[in-house]
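Q: Residue-level listing of the chains:
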Amino acid sequence: MSIRNTFAATALTMFALLGASTSAQEVTGNTTSAPLFTSTPTILLRTPEPALLSKFYEALGMRIARVSERGSVFIYLEGNVGSLEILNMDPNTQPGGPKTSRTQQGVVAIFETTDQEEVVRRARVAGSPMIEKWTSSQAEISIYYIADPENNIFGFAPRHHNSNIPTP
Amino acid sequence: MMRSNVNWVVIFFLLYFVMPYGTAAQKLTGDTDTPPLFTSSPTILLRSPDPLKLAEFYLALGMKEARRHEFGVYIYLEGNHGSLEILMMDSNTQPGGPKTTRTQQGVVTIFETTDQAEVVRRAKLAGSPLIERWNSSERGHSIYYIADPENNIFGFAPRYHNPNIDVP
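Residue numbers (this note's numbering), protein chains in the order written: chain A, 1 to 168; chain B, 169 to 336.
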């Protein structure tokens, strides 16, 4: 009987402690169940003219999967592991101005590709205003940063360019 | 016997003269039969005048720091399926100004997460200047667009939000 009471008291105390701990976490913002961030499959690109801008990416070799009624252009990466979606920009906003370096754009997504040289060649033919080569001092890889005609910059790396990141 | 020899001469002619000319012509016009493939978008770069300070916001959302040095902070996604690298911005450039909607930023990356509501709760606590909910009329899910203190916007979607895209 005494053992049973001790067990019940212990259980009650544990419940009370757990409750107090949970409310403290809610107040400080530190919960034990932090959200997980599992992938970055979709890149959105905003422009006043999605149909026109998409021609540049098509010229690089990307394949247009579909165009919506609103004029949004959807490009899927090889094997459907991700997408580049070229959408309408807010009518009161303009694309960013010209840039002389990759470090002048806030958010830059890096695509992996099977043929960097061919991407660069096609970007030149398509009139890219900026192509910047960056070479890693640690690994023997280069990433080409290429601006489109509206000065949006993307990186183009060789496949499996980061040994810490498993990619298709 | 004579006809067989003629066939071999024709094949030789085609292989050594006509096909290489075709490849050279394709290189000049930009139309090759082997366009590069784009196989993933695993790495997102975010530029800031103060990467270590800006990284605090993303760590508050629940992202996990893999490593840091004086120029930036590296965050790996769950299972190392991608990375967010917060790096130094060009010293002559400033982060973009305040935005009132997701459609005012040129390039927006969408992260998939296991707990959108928790990401939003943490973003509010961390002082995000913009949280915009967008509802898909086709698929029934929502994507939350969240700005960091330097007005960079990222999207946060539920896992497997696009059935056409294979994600981890």
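Some hints could be false.
Unchecked claim - Capping the alpha-carbon separation at 20 Å, the derived lysine to any residue pairs in SDA-like fashion look like this:
hint: 1; chain 1: B; residue 1: Lys232; chain 2: A; residue 2: Ser163
hint: 2; chain 1: B; residue 1: Lys232; chain 2: B; residue 2: Leu205
hint: 3; chain 1: B; residue 1: Lys267; chain 2: A; residue 2: Asn88
hint: 4; chain 1: A; residue 1: Lys55; chain 2: B; residue 2: Asn248
hint: 5; chain 1: A; residue 1: Lys55; chain 2: A; residue 2: Leu87
hint: 6; chain 1: B; residue 1: Lys232; chain 2: B; residue 2: Gly308
hint: 7; chain 1: B; residue 1: Lys232; chain 2: A; residue 2: Lys55
The set of hints was computed from the structure by calculation and includes no laboratory data.
Q: Can you name, in rising order, the numbers of the hints this structure does not satisfy?
A: Structure breaks hints 2, 4, 6, 7.
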